[in-house]
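Take a look at the letters that make up each chain.
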Amino acid sequence: MKKALKLICGFSIFAFLLASCGGDSSKNNTLEATKKQGFVKCGVSQGLPGFSNADEAGKWSGIDVDVCRAVAAAVLGDASKVKYTPLSAKERFTALQAGDIDVLSRNTTWTLERDAGIGLTFVGVNFYDGQGFMVRKNSGITSVNGLNNTKVCTNTGTTTELNMRDFFKSKGFSYEPVVFEKADEVVAAYDSGRCDTYTTDKSGLAAQRTKMKNPDEHVVLPETISKEPLGPVVREGDSAWEDVVRWSLNVMIEAEEYGVTSKNIDSMMSTENPAIQRIIGAEGSKTGEGLGLDNKWSYRIIKQVGNYGEIYEKHVGANTPIALPRKGSANASWRNGGALYAPPVR
Amino acid sequence: MMKNLNLLWFKEKFFSTPLNAFLTISIIYLGFITIPPLANWIFFDATFIGSKKSDCVSGGACWVFVNVWFERFIYGLYPAEEIWRINLAFGILAASILVYNFANQKIRKYILIFLFGVFPFISLFLFHGGALGLPVVDTREWGGLFLTLVISVFAIIFCFPLGIILAMGRRSTLPVFKYFSIGFIEFWRGVPLITVLFMAGVMFPLFLPAGSNLDKLIRVIIAITLFEAAYMAEVVRGGLQAITRGQYDAAKSLGMGYWKSHFFIILPQALKIVIPGITNTFIALFKDTPLVFVVGLLEILGMINLAKTNPNWLGLATEGYVFAAFVYWAFCFWMSRYSLKLENRLKTSN
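Here the protein sequences come in this chain order: A and B. So that you can map any letter, position 156 of the first sequence is 156 in the working numbering, and since no number is skipped, the others follow by simple counting. So that you can map any letter, position 217 of the second sequence is 217 in the working numbering, and since no number is skipped, the others follow by simple counting.
It is possible that part of the hints are untrue.
[What the hints assert, rightly or not] Derived pair list, reagent style DSBU-like, types lysine-lysine, alpha-carbon separation capped at 30 angstroms:
#1 LYS314(A) with LYS52(B)
#2 LYS211(A) with LYS52(B)
#3 LYS109(B) with LYS182(A)
#4 LYS151(A) with LYS36(A)
#5 LYS109(B) with LYS260(B)
#6 LYS52(B) with LYS81(A)
#7 LYS109(B) with LYS59(A)
#8 LYS211(A) with LYS287(B)
#9 LYS287(B) with LYS90(A)
#10 LYS52(B) with LYS213(A)
#11 LYS52(B) with LYS263(A)
#12 LYS263(A) with LYS227(A)
#13 LYS36(A) with LYS296(A)
#14 LYS52(B) with LYS137(A)
#15 LYS287(B) with LYS83(A)
#16 LYS211(A) with LYS182(A)
#17 LYS182(A) with LYS52(B)
#18 LYS83(A) with LYS52(B)
#19 LYS287(B) with LYS59(A)
Quick caveat, the hints were computed from the structure, so don't treat them as lab data. Owing to the predicted nature of the structure, the values given are computational and were not obtained by experimental measurement.
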């Protein structure tokens, strides 16, 4: 009995000791707290190809991860000063509200309900996802307009299924749905030829494609039939921190627009173009003042993390196993007909 | 002569009736069509050596995946330069168990005190760090088999005494103690573990005042401990009920009070009876740990999930799950064997 009591007492003392070590930050001044603790607390997924994933050395990478790295480069001067917390979809918002993390960058769709309803603020969009279709290359289908009279494989009971129904109804196409419970089953059915096309979110399609027997025989159609804008999230009511995260993302998008990359940024130091001068934090620009950072914050982001185009190509671009085409999608820059547009860094 | 006898034995055991003959042949046939392809996939066609997915071209299992990710599956995302701390802690554990097996009764007592009283704190200090020059490794970086073991070992250590207290409480004549125990047991047995973990991981932080936060891993270990303690209590109660009235009376007649009689007479006998039940609960607890995935903790199965979604390693889920199954089986089998050994050693009748 005594021993048992001792154990329980010991455990609870230990629990409170540990509790005092971790997780405590002043919620209303995240920027100062982050500077003081020396790392950015970033919430990521439990593994999503191209977005947030660890490699065999335990290093995190992906489009979502690079948002956190950019914030760390801006605030702390070193993109590697990030502590990642893998989160399940259910706990991600509570983890942010409870202060376990300060930036949630976990393929989270920006919707009214989430933005307005639960004490969170979306700071921007780092990837425009949406539902798409995959077909076999030899089928001759090159656009969604060729999908009349097809068999369509998809997951059951998700918005994917509803979107699919709406799409075919609005086009007046006839189709035959073939639905399964699990993604792996859908892939197997499509791969074995039971359907002509397979539909889910495009980033998912691209990742599933690599599981096919011959990934090169399949292609994702360019059109997108639903809107899933994914972006980083912060707590509501901390505008200083919100601004830092928002502009860390914006400056990467803006840098691409002006052709500033991690490789050429040093040679751009002598540029006469005032817009580029501001982006790279050349002499005389005062972009850091309002953010509570020094004026080299944007230089460090682009130098250490890269511009948006570099990040995209590195994690989901044509040379990765995911190979999501950027041209013609909403993720292309607005100058190329996409939706990617950042307010000016000025 | 000998050969004939063997044949006779064979015939009697496997072909005694037409039905038995049919079953024997069917089972042999079933083995014939399943085992060779399985063996081919696991061993003969498999690729063992390599460093990337494209090295696997033979068509069998791609063990390169497990090979390359092995360190992550075992240690999770624990920083590579600090892994020696985990190894040291488990080394101390293994050494003490080894010494325990060869030591005499007197030294054994000290080893037990060390294992249950001192070692948990040493190991937690090693894992977490924060003093004596050891950098802090947050629990968010713990993972893999290491995390599976941390969760299950601590839950086992704490749920066992708690379960005994609850079992005694349920049989107590003091109404407060009795009804509290009944309420506790019935509540925790009545809710699914996944809900408990969800509450501990997701809802609990919302009830705490801002700024104070209990580490997620601690919350999860407490949740699993309370949950399993309820099951443990019922197992132990079964043992207590099996002890005859005479034992209680005998203890009383020797002048022993409630605690003394329970600790020296009743419990040692009761626990011995329910060793299989206790082992069952421990094995169930160990196998329940992958559920912590719902609160974002990456134990071994979570790490395999993470690995199989890495863009460079997509499509290797089967290999990962086979590896996980093997690890779980190895640990559960060891627990079952150990309990059997314990049962035999403690056998006093006849």
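Against the structure, the hints:
1. LYS314(A) with LYS52(B): With a Cα-Cα distance of about 18 angstroms, the restraint between LYS314(A) and LYS52(B) holds, given a limit of 30 angstroms.
2. LYS211(A) with LYS52(B): holds (15 angstroms)
3. LYS109(B) with LYS182(A): Answer violated: LYS109(B) to LYS182(A) is near 53 angstroms, above 30 angstroms.
4. LYS151(A) with LYS36(A): violated (57 angstroms)
5. LYS109(B) with LYS260(B): holds (20 angstroms)
6. LYS52(B) with LYS81(A): holds (28 angstroms)
7. LYS109(B) with LYS59(A): violated (44 angstroms)
8. LYS211(A) with LYS287(B): holds (29 angstroms)
9. LYS287(B) with LYS90(A): holds (22 angstroms)
10. LYS52(B) with LYS213(A): holds (17 angstroms)
11. LYS52(B) with LYS263(A): holds (28 angstroms)
12. LYS263(A) with LYS227(A): violated (33 angstroms)
13. LYS36(A) with LYS296(A): Given that 30 angstroms is the threshold and the Cα spacing comes to 19 angstroms, the pair holds.
14. LYS52(B) with LYS137(A): holds (27 angstroms)
15. LYS287(B) with LYS83(A): holds (29 angstroms)
16. LYS211(A) with LYS182(A): holds (14 angstroms)
17. LYS182(A) with LYS52(B): holds (27 angstroms)
18. LYS83(A) with LYS52(B): holds (27 angstroms)
19. LYS287(B) with LYS59(A): Within the cut-off at roughly 28 angstroms; holds.
Checked against the numbered hints listed earlier, the structure breaks hints 3, 4, 7 and 12; every other hint is satisfied.
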